[in-house]
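Undergrad: Single-letter residue listing:
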Amino acid sequence: MNDNNSQKNLESSSNDTHNTLARRDFFRKSAALSATALAGTSLFAGTKAMADDPAIINHVPWGIKFGDPVTKNLYGMPSEYEHNNTRRNAELLSSGNFYASIAMCPIQESEGIITPNGLFFSRSHGGVAQVNPNEFRLMIHGLIDKPLVLTLDQLKRYPSVSRIHFIECPANGGPEWRGPQFNSVQFAKGMMSCAEWTGVYIKTILKDLGLKPTAKWMLAEGSDNSEMGRTVPIDKVLDDAMIVWGQNGEALRPEQGYPVRLVLPGWEGNLCVKWLKRLEFSDEPFYAKEETAKYTALKPDGKAVQHFYANEVNSIITSPCPEKPWTDLKKGDMVEIEGLAWSGYGTITGVDITFDGCKNWTPTKLKGLVLPKAWTRFSFMYKYEGKPLIIGSRAMDDAGRMQPTIEEEVSVMGVESVYHRNSIATWEVTEKGEVHNVQIRS
Amino acid sequence: MFKLDRKSLVSISLIAAVSIGLTACVGGDASPDGIGAVSSTGASHSYATGPDAGKLVVDGGVTYPVNNNKSGIYYVNSDTQNGGYSYGRTPTKNELDAWATSVTPYAPPPEGHGNVQDGADLYDAKCGMCHGDFGSGGGGYPSLAKGNAYVGQKSLTNQRGITEDGPNRVFGTYWPQASTLWWYIKEGMPHPAPKSLTDDQVYSLVAYILNINEMKIDGELVGDDYDLDRAKFLKIVMPNKDGFVPKIDGPQGQDNARAYFNDPKNIGAKTVSERCMTDCIKGETKVTRIKVETKDFLPPLSTVRDLPVVEKKAGSNDAAKASYEGTCKMCHGADGMGAPVVGNKKAWAKVTTQGIDKVYDHAINGLNGMPPKGGTDLADSDLKAVVDYMISMSK
Chain A
1 MNDNNSQKNL ESSSNDTHNT LARRDFFRKS AALSATALAG TSLFAGTKAM ADDPAIINHV
61 PWGIKFGDPV TKNLYGMPSE YEHNNTRRNA ELLSSGNFYA SIAMCPIQES EGIITPNGLF
121 FSRSHGGVAQ VNPNEFRLMI HGLIDKPLVL TLDQLKRYPS VSRIHFIECP ANGGPEWRGP
181 QFNSVQFAKG MMSCAEWTGV YIKTILKDLG LKPTAKWMLA EGSDNSEMGR TVPIDKVLDD
241 AMIVWGQNGE ALRPEQGYPV RLVLPGWEGN LCVKWLKRLE FSDEPFYAKE ETAKYTALKP
301 DGKAVQHFYA NEVNSIITSP CPEKPWTDLK KGDMVEIEGL AWSGYGTITG VDITFDGCKN
361 WTPTKLKGLV LPKAWTRFSF MYKYEGKPLI IGSRAMDDAG RMQPTIEEEV SVMGVESVYH
421 RNSIATWEVT EKGEVHNVQI RS
Chain B
1 MFKLDRKSLV SISLIAAVSI GLTACVGGDA SPDGIGAVSS TGASHSYATG PDAGKLVVDG
61 GVTYPVNNNK SGIYYVNSDT QNGGYSYGRT PTKNELDAWA TSVTPYAPPP EGHGNVQDGA
121 DLYDAKCGMC HGDFGSGGGG YPSLAKGNAY VGQKSLTNQR GITEDGPNRV FGTYWPQAST
181 LWWYIKEGMP HPAPKSLTDD QVYSLVAYIL NINEMKIDGE LVGDDYDLDR AKFLKIVMPN
241 KDGFVPKIDG PQGQDNARAY FNDPKNIGAK TVSERCMTDC IKGETKVTRI KVETKDFLPP
301 LSTVRDLPVV EKKAGSNDAA KASYEGTCKM CHGADGMGAP VVGNKKAWAK VTTQGIDKVY
361 DHAINGLNGM PPKGGTDLAD SDLKAVVDYM ISMSK
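Those protein sequences? They're chains A and B, same order as listed. Number 442 marks the last residue of the first sequence (the numbering used here); no jumps. Number 395 marks the last residue of the second sequence (the numbering used here); no jumps.
The set of hints was computed from the structure by calculation and includes no laboratory data. One should not assume that every hint holds.
In silico DSBU-like pairs for lysine-lysine, Cα to Cα no more than 35 Å straight-line [stated by the list, open to error]:
#1 B:Lys-286 to A:Lys-203
#2 A:Lys-324 to B:Lys-286
#3 B:Lys-282 to A:Lys-365
#4 B:Lys-247 to A:Lys-146
#5 A:Lys-212 to B:Lys-247
#6 B:Lys-216 to A:Lys-303
#7 B:Lys-282 to A:Lys-331
#8 A:Lys-367 to B:Lys-265
#9 B:Lys-265 to A:Lys-303
#10 A:Lys-383 to B:Lys-282
Facing chain A, from chain B, some residues (calculated, C-beta under 10 Å) [what the hints assert, rightly or not]:
#11 Gln-153
#12 Phe-171
#13 Pro-194
Each residue gets a CB set at the ideal place from its N, CA and C atoms; glycine is no exception.
Isolated chain B, as found in the complex:
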């Protein structure tokens, strides 16, 4: 171990030790982390300011408090934090109404209703081409249903390679809240024409998606003739409502997240205190290689440094353009070289009055300062295409 790193390693293990100690006491309000707020990098495990000053950083990492006009390695102008800004204006009520469109478990959707049959018709017209018949998915677009949601929810403990099937993760089996579906259909669907559905249309599509997931509202199956309105919508309980950690609702929500992410064990993380340098794997190491390689990359992988290949198709405008850009433009692209400049209508009108055959002839055999074929090795037909291109760009 070399000198430069030793210093930092010592501070790492110090922080790691502190971190472990802290992890043990996370739960309610964590006390200040007691490492003098800053490490050698200027980092602190707890906030110095704000409503949660003294608490651990919410993501399990560190923060860089401002000390002497520096935050970590960065200089800062602390005067910018004194307020006194009056830019912008207050939104009007109509503006707020137009944009404050969140639909959440705490902000219900607007009044409205729609039935399963209308939803099915709308789905076939606007959704099925991507999401497949009855929400079966396809072409890489998400499936919206895979049989009964309550049965499917039980598959979430499946692990491919260990169990035969993987977990079934669709709206009915996985999503914790129905509000998400309403909101997303209203704002983001249909994919090519979002924000085009009325509230009633959204209700009918939601009704249809509940139907194909074989879901119940208030004990009643959402059958083929079910009519969904806001009151019924608010009674939806998703099968996987409690399938998510940490719990983020209520006044303790953020502290729950703080406690969860500050415990490395919850997410398969590891601390520096567990650092092993020698004989870290006992016995044979098992090397897993790629079984079938995925390599449909666009564009194909290459680190070669060459000129891009230009397909030279006779008569192709692209090839002609590329030839022009690559060669002819040197003289025909700017004044001062004596050649008629592409884009100069007057100059090219004069050229073309000679007749196109004469122009081709000059291009092929050269004229004044211009070498035969402009110094290229293009076939006559390709060269003529370049001339055509230059004329077309000068009309």
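Just chain A, same shape as in the assembly:
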């Protein structure tokens, strides 16, 4: 993202009073509708006059005719009814067009810890390159004894590993350093997704290439319009850095760098260079554009953090959220509060929840697979009472880090750093069950 300008645009949009399609109104209306529905139900409950449900009484249309032949959609598509479960863009997050831009993952609809390939968030600096795999070449050169060129088939001959990792843009939540902007979890936290990646550890390839002891850094460069490149420290290269060609059991999608991208587990999405073209080893860093002009976090003392590698420990409640409110609940309902936690440092070890705006905290339960540098689900059973709440989550990891409060983070980073915002996020739940994005500042 062109964050300088995005921040600008955010400011100007804050002054835009022409936005009339009020989301709050939308939820108010749906709340009113469901309230009516509830009243109607209780009126007839226990009486013989209760209306029969035509979805039960009548034959459903799809039950009285042929379905589709199996030859339709040989590459399957979601139900047409799911068309609202889609990536979304906002013009203010684009550099004047949709080529240097981002499309956010609909995490309000995410199930489990795997993002379907068509919904994985998509960020490019010069458009999504459409690479011909037959003309794909990977060059490895610089401070190694044996420089190497590989075709795609040759690359895929190396022994593979599959790992589930999230990838997150470090600007996830970046528009909200000075206050909440989006009444939407998709736009507040949707610059991330999680997938199973299949590829080869770079250390496996380097075994036979004779890496020189003076090699301290690796440039990874893409073949796309922007020739996107970033510098990676050798420690990460020799730890868990992967060159991947598989995403959730199939080839990478073009939006994720087909045919080959870099995956640096837990680190900035921008470092996980897509449409990969070459790896160059060097004794000094490369100072690529996206590690100097951008993806550096300016602190109040005027110094900017560069080479800010790991996405810190973080979490967000996805149910409820502004898109998925509690307006259909009635008092006394038991409801599951669910969310996602993740850490680029390691494995999530626990998530706490607050109901009173960060004053008091209670541990939640983790559920499902708990994997290093991967989305992790947390869950809390709550008895809904129709009371106003301010709920939020706070994650911890096995590196011993936990999410700071907004004040704690801002006191060090200021409000101009754009990137790496991982302070506690909160939702306001109104008496009616509507959910709004708010921030707690003590």
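Please build the complex by placing chain B on the supplied structure of chain A, with the hints as guidance.
TA: Okay, now just chain B, sitting in the frame of chain A:
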């Protein structure tokens, strides 16, 4: 606190305590972390292998060393790490030259030169439509200059909401190295036609951008008639050269990053040892709500599960296609239903020999197994458009 979590919480606080202790001793070469290398998740704060074995993980996090063919929770085949791979080939010299195009503070750009005036002309022709007059920005594209770079650099301590203006972050005020500009223009610009500029053109654009940032080289202002060549380029000192932490240059660069990111205080991070469960905020909590909501989302936010709206414009090919896909294709899309299959030229040639009015009539009133209007409620004109579409797809 329930039982399941207690175990993990204990291990968290153990790690946290160790982590804090370590943080204090980070600086030079950190000693091995002394937590038996692994926690309950298989994590270690220091590398077990590699050139920096024993040192803390460079990003401040943990690593998962392989023990007994497992790395954390994952099983691994350790035999894959024995080498012996000979896939691929050595690149030729020309291939290396073609791709090894990095321009860095340590890998200077090729010889060449260009002057400010040529750069200005080139800029107006190829860059100004996005980056604005004199690099002023616009339309969401980055500004390239905002007045004098040396003055602007001093604005980097500004914080919007506290100071009137925010920090001024453009090439002249913010970027640490000029090599980045040369490299990026050469590889990534102009945005619609990257890699189309000659080296001399890049030099002239760099000269122009230095000019509009009112920068000096070797004490000399890059004026309107300045001619830039490689020797002069290598003397550029950016105003914000020392504005970045940690220091990554030189043999200590990676260790500097290691020390920086292993100290949570540097980045406003927090450790589990600081975990507070009750009365964590003293006094009133201040709730900040959205002031003016941003909601120009594409497509608009919705969680409704319905069929996508198809605009039914008479004569619109899209609407006709949608109707075909939604209804007619059931029978006309595959052999065996007795209907002429769309795409089968022969079958449709036979149909259309009857004359188009007859075909429309059959479509509207039905024929053999086909119900009137194919069972749809389309207007006659829309139905005719569907027929036209099906014929057009079968030519």
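Undergrad: B:Lys-286 and A:Lys-203 were given as a pair; does the straight-line alpha-carbon distance stay at or below 35 Å?
TA: This hinted pair is violated, its Cα atoms lying about 50 Å apart.
Undergrad: At a threshold of 10 Å, is the proposed contact between B:Gln-153 and chain A supported by beta-carbon distances?
TA: OK, holds: B:Gln-153 within 10 Å of chain A, min 8 Å.
Undergrad: Would you mind confirming whether the straight-line C-alpha gap from B:Lys-282 to A:Lys-365 stays at or under 35 Å?
TA: 27 Å, holds
Undergrad: Is the hinted pair A:Lys-324 and B:Lys-286 satisfied, with a Cα-Cα distance of at most 35 Å?
TA: Status holds; Cα separation ~25 Å.
Undergrad: Has the given pair, B:Lys-216 with A:Lys-303, been kept, meaning a C-alpha gap of at most 35 Å?
TA: 22 Å, holds
Undergrad: Between the alpha carbons of A:Lys-383 and B:Lys-282, is the straight-line distance 35 Å or under?
TA: Status holds; Cα separation ~27 Å.
Undergrad: Below or equal to 35 Å on CA atoms is what counts here, so check B:Lys-265 against A:Lys-303.
TA: 15 Å, holds
Undergrad: Decide if the proposed pair is consistent with the structure: B:Lys-247 and A:Lys-146, CA atoms, cutoff 35 Å inclusive.
TA: Cα-Cα ~30 Å, so holds.
Undergrad: Check whether the Cα positions of A:Lys-367 and B:Lys-265 lie no farther apart than 35 Å.
TA: Roughly 31 Å separates the two Cα atoms, so the pair holds.
Undergrad: Holds or violated: the hint that B:Pro-194 contacts chain A, with Cβ atoms closer than 10 Å.
TA: The hint holds - B:Pro-194 has a Cβ within 10 Å of chain A, the shortest such distance being about 5 Å.
Undergrad: Tell me if B:Phe-171 is really an interface residue toward chain A, meaning its C-beta lies closer than 10 Å to one of theirs.
TA: 7 Å, holds
Undergrad: Is the Cα-Cα distance between A:Lys-212 and B:Lys-247 35 Å or less?
TA: Holds. A:Lys-212 to B:Lys-247 sits at ~23 Å (cutoff 35 Å).
Going through the hint list in order, the structure does not satisfy hint 1, though it satisfies all others.
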